[in-house]
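Generate coordinates for the entire structure from the input sequences, incorporating the hints supplied.
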Amino acid sequence: MTRLLVCAELVRARYGYREVLSGVSFDLRRGQALGIVGPAGAGKTTMLRLLAGLLAPAGGTLQIDGRAPHLASRRTAVGYFAGDFTLPGSVRADAWGRLATGTVLTVERRPLRALSRGARQMLGLRATLARERLDLVLLDEPWETLDADGSAWLTSTLLTKRDHGASLVLTSEQHHDLVRVCDVFLVMLHQRGVLVHAHQLNPSGIATAADLDAAIEALRTPAPPLRPVAEAVEAGRAPEVQSGLRLDGTDLSPPSQPG
Amino acid sequence: MGSFLRACRYFTVVAVVPRLFLVGFGVTAAMSVGAALTGEVTASDVLSPLLTLQMFAAASGFDLPARRGHYDLLLTSGVPRWQIAVAHGCMSVLPGLVVWLSAECPLSWWNITGARAPGSLVAFLAVSATAWATAVPSSRAKASVAWVVLMTAPRLAVPFLPTRLLGQPVAWGTGQDGTRAAAVLWLAIATLTTGLAGRHAVRSAVPLEVSQ
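Line order of the protein sequences matches chains A and B.
Going by our numbering, the residue at position 111 of the first sequence is 111; the numbering climbs one at a time, nothing skipped.
Going by our numbering, the residue at position 174 of the second sequence is 174; the numbering climbs one at a time, nothing skipped.
Treat the hints as calculated values from the structure; they're not laboratory data.
Quick caveat, the model's predicted, so the values are computed rather than measured.
Rough simulated footprint, nothing fancy, chain B against chain A, three-plus residues with beta-carbon under 8 Å:
#	stretch
1	40-53
2	70-83
3	88-94
Across the chosen pairs, the derived CB separations fall in these ranges:
#	chain 1	residue 1	chain 2	residue 2	range
4	B	Pro80	A	Arg117	29 to 39 Å
5	A	Val104	B	Pro80	21 to 31 Å
6	B	His200	A	Ala114	25 to 35 Å
We put the CB at the ideal spot given by N, CA and C, even for glycine.
Structure below.
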């Protein structure tokens with residue numbers, strides 16, 4: 001069993017008096033890929049920034065490699081990119097490319113604001129993923145604005161990073177990209193998170209975007225909540241569930257498997 | 001040390017002082033030296049425009065670009081936050097410091113009254129530190145408004161303006177108690193605001209502007 005990298009227990013976050021997350025729990029092991037999905041404003045970006053150590057939780061416990069996130073980045077190599085709009089427009093593209101590792105990522109000398117969104121997104125991703133050793137990769141809507149070649153490059157790079165032991169936490173509205181990389185999903189609804197494993201979405205263990213969409217829709221439906229996923233769990237089709245499903249305190253984890 | 005230099009390098013690429021200010025410093029320094037060459041001037045006449053420009057140049061702002069995600073790459077790179085804050089402050093003050101020193105040297109060579117006076121040094125340090133510190137939790141625009149309000153203050157505040165320190169001795173027993181009081185006041189303001197700003201830069205959360 002690979003070592004636990006991220007441990008989130010009832011994490012809460014707020015902006016001023018407004019609560020954005022109220023009790024999100026999940027565990028992430030090395031080499032595991034977590035996809036965070038949910039409607040706009042559900043707290044996906046906030047969750048990533050908490051993991052990046054840029055925000056402090058208002059409650060609960062969040063640890064990366066046994067340390068608070070803002071201290072963890074000194075020991076754990078974290079790569080975080082929130083999207084092309086976060087790149088400073090006045091900086092020349094080649095200079096930004098050299099910032100991450102000192103190597104040349106592009107020979108483009110125009111300022112970043114003069115590039116297309118797709119080109120900026122690509123450069124931002126390459127600068128983030130250029131480091132040889134990365135323990136935790138946090139990407140917010142990484143496939144957004146990428147063309148087909150760019151999407152294919154990103155997917156294969158993320159799979160390579162994951163195979164080399166990096167843990168991934170990704171958010172995306174494009175579920176068909178997400179299911180190719182992630183083996184566990186955090187569905188964020190009503191400021192809470194429900195953890196769903198790929199095995200729970202599809203008995204074959206290979207989830208599709210339609211499976212994920214169906215699970216989200218099922219979780220959104222007030223009555224009966226969680227039924228399709230719960231049935232899958234009860235039918236014993238999710239033998240590797242570690243954290244179970246939690247919504248409003250409901251734990252639907254299957255009994256631990258012998259052997 | 002390596003991580004501090006990395007932070008400094010980051011702030012040279014993601015410039016904290018816009019190029020327009022660098023041009024402004026160059027023009028102001030050239031005009032000041034030109035005035036010193038052509039007429040009878042004091043150090044205060046030459047250094048006042050540079051000090052005024054430094055008030056706005058050093059007020060680079062930390063929170064605003066950080067909340068726009070411009071510093072994400074650095075903030076998540078493992079460089080300690082206090083080193084990032086110090087590097088940000090140094091790189092904000094550096095262009096003004098270089099121009100200030102390069103303007104002071106010719107004044108000394110030409111024996112212009114008040115060149116290299118302690119008051120000038122106190123004024124520059126206090127203004128640079130206070131300008132950077134006041135902009136850390138806000139932005140250059142907000143800090144600039146504060147400076148404009150101060151510089152256009154009622155008569156009561158005029159003796160305490162930092163420009164009054166230029167070219168003045170601030171040592172004890174010089175008979176200039178008002179200048180000395182202003183120097184002490186500005187050093188106290190600079191120390192206090194820098195401490196608070198440093199604490200803010202190190203401890204504050206950095207939410208993304210668009211997700212709040």
